[in-house]
Amino acid sequence: MTGVPYMMECRGVWKIYNEGRPHEVRALVDINIAVRKGSLTVLTGPSGSGKTTLVGIMGTIERPSRGRVYLEGREITGFSDVALSMIRRERTGLVFQNFNLLPGVPAWENVAYPLIPQGVREGERRRRAVELLSALGLAARVDHPPEELSGGEQQRVAIARALVNDPDMIILDEPTSNIDAGTALQVLEILKGLKREGKTLILSTHDSDLFGEADEIYRLKGGVLEGGG
Amino acid sequence: MKTLNLLLTAAANVMRQRLRTFVVIICLIVILLPFLTATAIQEGVKEQALLSVSEGADVYVTMDMYGRNGMIPVEMAGEIEKIEGVTKAVPRVISRIYIEGRLAVLLGLPLAELEEKVGFIKGSAPGEGETVIGRGLADALGLDVGGSIGLGVRVTAIVDHRPYIERRIYRISGIFDSAGIWTSDLVLVDIEDAISIYEMEGFVSDIAVYVRPGYERSVTEEIQKINSYFRIQTKALAERYMEQGFNRKGGVFVSLYVMALGLAIPTILVLSGFGLSERRREVGILKATGWQTQEVLEMVFFENIIIAVIGASLALLLSYIWVRVLNGLLIAQIFIAEVGNVAPFKVPALFTPMPFVLSFILALVLTMTGSIYSTWRTSIVPPAEAMR
Ligand SMILES: Nc1ncnc2c1ncn2[C@@H]1O[C@H](COP(=O)(O)OP(=O)(O)O)[C@@H](O)[C@H]1O
Ligand SMILES: [Mg+2]
Numbered sequence: 001m002t003g004v005p006y007m008m009e010c011r012g013v014w015k016i017y018n019e020g021r022p023h024e025v026r027a028l029v030d031i032n033i034a035v036r037k038g039s040l041t042v043l044t045g046p047s048g049s050g051k052t053t054l055v056g057i058m059g060t061i062e063r064p065s066r067g068r069v070y071l072e073g074r075e076i077t078g079f080s081d082v083a084l085s086m087i088r089r090e091r092t093g094l095v096f097q098n099f100n101l102l103p104g105v106p107a108w109e110n111v112a113y114p115l116i117p118q119g120v121r122e123g124e125r126r127r128r129a130v131e132l133l134s135a136l137g138l139a140a141r142v143d144h145p146p147e148e149l150s151g152g153e154q155q156r157v158a159i160a161r162a163l164v165n166d167p168d169m170i171i172l173d174e175p176t177s178n179i180d181a182g183t184a185l186q187v188l189e190i191l192k193g194l195k196r197e198g199k200t201l202i203l204s205t206h207d208s209d210l211f212g213e214a215d216e217i218y219r220l221k222g223g224v225l226e227g228g229g
Numbered sequence: 230m231k232t233l234n235l236l237l238t239a240a241a242n243v244m245r246q247r248l249r250t251f252v253v254i255i256c257l258i259v260i261l262l263p264f265l266t267a268t269a270i271q272e273g274v275k276e277q278a279l280l281s282v283s284e285g286a287d288v289y290v291t292m293d294m295y296g297r298n299g300m301i302p303v304e305m306a307g308e309i310e311k312i313e314g315v316t317k318a319v320p321r322v323i324s325r326i327y328i329e330g331r332l333a334v335l336l337g338l339p340l341a342e343l344e345e346k347v348g349f350i351k352g353s354a355p356g357e358g359e360t361v362i363g364r365g366l367a368d369a370l371g372l373d374v375g376g377s378i379g380l381g382v383r384v385t386a387i388v389d390h391r392p393y394i395e396r397r398i399y400r401i402s403g404i405f406d407s408a409g410i411w412t413s414d415l416v417l418v419d420i421e422d423a424i425s426i427y428e429m430e431g432f433v434s435d436i437a438v439y440v441r442p443g444y445e446r447s448v449t450e451e452i453q454k455i456n457s458y459f460r461i462q463t464k465a466l467a468e469r470y471m472e473q474g475f476n477r478k479g480g481v482f483v484s485l486y487v488m489a490l491g492l493a494i495p496t497i498l499v500l501s502g503f504g505l506s507e508r509r510r511e512v513g514i515l516k517a518t519g520w521q522t523q524e525v526l527e528m529v530f531f532e533n534i535i536i537a538v539i540g541a542s543l544a545l546l547l548s549y550i551w552v553r554v555l556n557g558l559l560i561a562q563i564f565i566a567e568v569g570n571v572a573p574f575k576v577p578a579l580f581t582p583m584p585f586v587l588s589f590i591l592a593l594v595l596t597m598t599g600s601i602y603s604t605w606r607t608s609i610v611p612p613a614e615a616m617r
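Chains as they are written, first to last, in this note's numbering: chain A, 1 to 229; chain B, 230 to 617.
Since the hints were made in silico from the structure, they are not lab data.
As the structure is a prediction and not an experimental result, all values here were calculated from the model.
From the three backbone atoms N, C-alpha and C, an ideal C-beta is built for every residue, glycine too.
Careful: at least some of the hints might be erroneous.
Coverage of chain B stretches by chain A, computed from C-beta distances (three or more under 8 Å per stretch; other residues unrestricted) [claimed, not checked]: (1) 249-260; (2) 387-400.
Listed below are several chain B residues computed to face chain A (Cβ distance under 7 Å; list not exhaustive) [claimed, not checked]: (3) E276; (4) A278; (5) N456; (6) S457; (7) F459; (8) I461; (9) Q462; (10) A465; (11) A517; (12) G519; (13) I609; (14) P611; (15) R617.
Throw the hints in and build the complete structure from the sequences for me.
This is how it looks when you write it as structure tokens:
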């Protein structure tokens, strides 16, 4: 272990769904991962291998059944609901596989939603959201609700939302699986840009186009990590 | 600023989730409307009753007749008037009377007293052989000023087993114009006529005594001294009976209403769970993007306040329409005796702030129980679980 703490670290992490019940699922088995600051880490593996579960745990929206999770060397496994919400608010940006945008809410408001409880005024919220959406090529779509946007556009709205709190770690679950190849390339460019800005990126994918940019690739199979490097 | 943001977001959510908002508000109205309307009518009737008591005499004197209120000799009015502090003692005849199968109240007063009531009357005060009747009665019987009405019958003789009936016909000199609840079925005649209708020569139903302020006690005592069989009812006592009577009626309504609520509450709980799975997902999204549980709850709390305010205000508005435009259709009969589905007079109503505040609180409690707990449950589980 080096003196510089990792951005995110999992040690001996397990996730067992329905533990002790008939439908018990071992989604993650003894996972050890260390994510360096400013790196792009890729998690790959077939469907059902545990990618979503693992990025969920690293994004603090899921709790491990066993094992420890560290953020910048500090163990956060047992953190309270309030403390974990604080980490998500200040440190992390999450992009979900199915986008999880609020239906009926204009794109800019979706992007700015995380700023509401931070007391940011509507004018300022809109300004920041429009700026982000424009940078992602969605200037003409800021007032459209998700229902009126294509998959690729929704994906970029979701990315803008993940960036609105200026996080230093961005976690994306299969960012290119629900969009066409052309848009996927655009997303790749966005990710490269973020990496240049020094953000730590963690993404799950089975799209090998993304591997080229990766500093680290982890392969999952049946909840077991097959090896890093 | 944060609180304001949450409040504005709550307002936007209420608008965005139109269907849910609509359904919950309809439920609230269904629950609150009967309550607001009934209490308004009850308060209105009570107010009129108390008003009519306070406008009336200070003391009423009758005689004990085997434990009931009995007739009192008419000359006692003169005796009572001599007591110090008494300004006026008016003999009255008051009784129920059937007119063409319809129950009415007959009131006989001295001609001089009748003149004072002219203000309310369309036409003129009754002279001898004349009467003034209530608007409700006039409308029901198709009568108008100048028409005539038979009051009381009497058998004058029986010849060959057949009764000879004499019917007294009175000319209608006027109709009570104020469509008030107390005058609606009233038949007002000169006291002499009333006495002869009931064949109670020398007696009246009671004597209304008006007293100078401060003399109520001494006058009551003096009246009792004249005859220990006099029964004396003071205004204060009448007001108290009136209040109690209304509170009992109110109590009956409240218990019926509470039973109805017992049925309504599970309904609204089910309905506010309406759209809960979307809600669950949304709460998950908010938590995943850095909202605190407390902030989510605060926003939901504001949503409920907005919905409760809208629901209670709409219920109040509709209740106002029900009473003022629909004249308490179907509901007035609960509080006003002898009124059918449609009241023949303007149903009195008084909208006081208390029932409105109560219904707002009730609306809030209903919407809160439906949403706060489930929202809280959702927001304390890991967001990934809530979003699934
Ligand atoms: N909430 C859940 N309850 C039970 N099993 C689950 C749940 N979520 C995921 N799983 C199971 O856990 C395994 C890993 O799922 P997931 O992390 O979604 O994989 P991936 O994202 O790689 O497709 C799968 O077998 C899946 O069926
Ligand atoms: Mg997945």
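To see whether the hints hold, each was checked on the structure:
no.: 1; hint: 249-260; verdict: violated (count 0)
no.: 2; hint: 387-400; verdict: violated (count 0)
no.: 3; hint: E276; verdict: violated, 48 Å
no.: 4; hint: A278; verdict: violated, 53 Å
no.: 5; hint: N456; verdict: violated, 81 Å
no.: 6; hint: S457; verdict: violated, 80 Å
no.: 7; hint: F459; verdict: violated, 76 Å
no.: 8; hint: I461; verdict: violated, 71 Å
no.: 9; hint: Q462; verdict: violated, 66 Å
no.: 10; hint: A465; verdict: violated, 60 Å
no.: 11; hint: A517; verdict: holds, 5 Å
no.: 12; hint: G519; verdict: holds, 3 Å
no.: 13; hint: I609; verdict: holds, 6 Å
no.: 14; hint: P611; verdict: holds, 5 Å
no.: 15; hint: R617; verdict: violated, 10 Å
Checked against the numbered hints above, the structure violates hints 1, 2, 3, 4, 5, 6, 7, 8, 9, 10 and 15; every other hint is satisfied.
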